[in-house]
Amino acid sequence: MPVSTVEDKLVDSIYATVFGEGTWQDFLAKLSLILPDGRSTLFYHDSRRSKGAFNLNSGFDAAEVAKYGEYYSSINPWMPAAAVRKVGVGVVAEQMLPRDRLVKTEFYNDFWSKVGGESAVGVTIVREEGRSFLLSTLTSCPDPEANRHAADTLTKLAPHLNRAFKHFRSEPGQKTVAEIGSSLFDAIDIGMVVVGDRGLVKSASPVGQNMINTGRCLRVNLLGKIKVCQQRADYLLSQMLDRSYQGSRVACCMVDSFKLTFIQVAKDPLSLYFQGPTIVILVEQGNTMPRVNGDYFSKAYRLTAAETRALAGIMAGNSVDEIANAAALSRETIRSQMKSLYAKTGTRGQLELLRLAKTSLLPV
Numbered sequence: 001m002p003v004s005t006v007e008d009k010l011v012d013s014i015y016a017t018v019f020g021e022g023t024w025q026d027f028l029a030k031l032s033l034i035l036p037d038g039r040s041t042l043f044y045h046d047s048r049r050s051k052g053a054f055n056l057n058s059g060f061d062a063a064e065v066a067k068y069g070e071y072y073s074s075i076n077p078w079m080p081a082a083a084v085r086k087v088g089v090g091v092v093a094e095q096m097l098p099r100d101r102l103v104k105t106e107f108y109n110d111f112w113s114k115v116g117g118e119s120a121v122g123v124t125i126v127r128e129e130g131r132s133f134l135l136s137t138l139t140s141c142p143d144p145e146a147n148r149h150a151a152d153t154l155t156k157l158a159p160h161l162n163r164a165f166k167h168f169r170s171e172p173g174q175k176t177v178a179e180i181g182s183s184l185f186d187a188i189d190i191g192m193v194v195v196g197d198r199g200l201v202k203s204a205s206p207v208g209q210n211m212i213n214t215g216r217c218l219r220v221n222l223l224g225k226i227k228v229c230q231q232r233a234d235y236l237l238s239q240m241l242d243r244s245y246q247g248s249r250v251a252c253c254m255v256d257s258f259k260l261t262f263i264q265v266a267k268d269p270l271s272l273y274f275q276g277p278t279i280v281i282l283v284e285q286g287n288t289m290p291r292v293n294g295d296y297f298s299k300a301y302r303l304t305a306a307e308t309r310a311l312a313g314i315m316a317g318n319s320v321d322e323i324a325n326a327a328a329l330s331r332e333t334i335r336s337q338m339k340s341l342y343a344k345t346g347t348r349g350q351l352e353l354l355r356l357a358k359t360s361l362l363p364v
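Per UniProt numbering, the very first residue in the sequence shown carries number 1; after that it's consecutive.
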């Protein structure tokens, strides 16, 4: 097949992903065919932390991907040169590290050669704040001259990859996260702030924005990045925003009188590669957090014990399923209790019910 035809098909495959008519796995599988025993990956590397990951790939199994992210990314001998090479220019591996030095490394002997790699070609798509987003293809062919045509192909693909990267990066992504919870949390004076890659604020509920404006527990610096007004909590947030973070997806901490809950939103590999992690921060008063005066509210609206329990669950931020599981009841039973609550209180949904409950709040 003529080279121009191969390149045209690869370019078509890139734009097919943009318009939802193809996948990155399709593109990577086609790219892998341009080199002997090729395996391709869209990956990132953070030179400041010496960490990286094969986010999207064709040909690597899950165990190989995990090993790379957990350890071998930190000793990848090509990455120091990759961190400073020109963006958009495809190179063969030997341009970044001579082969006689590569074969002496732990990376080559314990990982690269065992997954069938003797060399590779690669290109940097985007570089920002010490992080590089790259495309690379492994090959069993160690001859740099034989691999050079593939590096030239990556150079020609680079502008199209850059456009695709910007497209996926600009997608709303987690817009629905804010839409689902904002009004509900504001109704009980819990602020919500959605933070994206590099700590940039993506959205905030009115109460959350007010908490940022006052700067008592959260603030935004001149670069638009969220900062927690306590070093330990700020470090925890930065760790959860790290693309290589493997800890708990939910973490809580106290900052003065505020309780902060960090929730890392689960993402598919495609979203994680292009958009990075998303953290939802819930902020509520700690020792002065209001609660419902249950006796008064129950007596005023003649609630049953079951209805009071359902209300308490909603006030705690639990879903109908969570309330049902905690009470060992069916979802339908809890929904019936909620309908009864709405009828007795004259409300039309959870938001109105929570607002009404605020009229009978007592300080803890």
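Don't read these hints as lab results, they were simulated from the structure.
Where a beta carbon is used, it is the ideal one built from N, C-alpha and C, also for glycine.
Please note that a few of the clues may not be correct.
[Said to hold, decoys possible] Quick list of in silico lysine-lysine cross-link-like pairs, DSBU-like style, CA-CA up to 30 Å:
1. K225 x K166
2. K30 x K86
3. K166 x K227
4. K202 x K225
5. K156 x K202
6. K114 x K166
7. K9 x K225
8. K67 x K30
9. K114 x K30
10. K166 x K86
11. K227 x K202
12. K114 x K104
13. K156 x K86
14. K67 x K114
15. K30 x K156
16. K259 x K225
17. K30 x K9
18. K166 x K67
19. K104 x K9
20. K86 x K67
21. K104 x K67
[What the hints assert, rightly or not] For each label pair, taking beta carbons as the anchor points, the in silico distance ranges come out as:
22. Q25 x A343: 35 to 45 Å
23. R331 x A63: 50 to 60 Å
24. C141 x Q25: 15 to 25 Å
25. C229 x E332: 39 to 49 Å
26. A16 x R348: 40 to 50 Å
Each hint, compared with the structure:
| no. | hint | in the structure |
| --- | --- | --- |
| 1 | K225 x K166 | holds (20 Å) |
| 2 | K30 x K86 | holds (25 Å) |
| 3 | K166 x K227 | holds (26 Å) |
| 4 | K202 x K225 | holds (10 Å) |
| 5 | K156 x K202 | violated (33 Å) |
| 6 | K114 x K166 | violated (35 Å) |
| 7 | K9 x K225 | violated (40 Å) |
| 8 | K67 x K30 | holds (25 Å) |
| 9 | K114 x K30 | holds (23 Å) |
| 10 | K166 x K86 | holds (18 Å) |
| 11 | K227 x K202 | holds (14 Å) |
| 12 | K114 x K104 | holds (14 Å) |
| 13 | K156 x K86 | holds (14 Å) |
| 14 | K67 x K114 | holds (12 Å) |
| 15 | K30 x K156 | holds (15 Å) |
| 16 | K259 x K225 | holds (20 Å) |
| 17 | K30 x K9 | holds (9 Å) |
| 18 | K166 x K67 | holds (29 Å) |
| 19 | K104 x K9 | violated (38 Å) |
| 20 | K86 x K67 | holds (28 Å) |
| 21 | K104 x K67 | holds (19 Å) |
| 22 | Q25 x A343: 35 to 45 Å | violated (51 Å) |
| 23 | R331 x A63: 50 to 60 Å | violated (39 Å) |
| 24 | C141 x Q25: 15 to 25 Å | holds (23 Å) |
| 25 | C229 x E332: 39 to 49 Å | holds (45 Å) |
| 26 | A16 x R348: 40 to 50 Å | holds (46 Å) |
Comparing the model with each earlier hint shows violations of hints 5, 6, 7, 19, 22 and 23; every other hint is respected.
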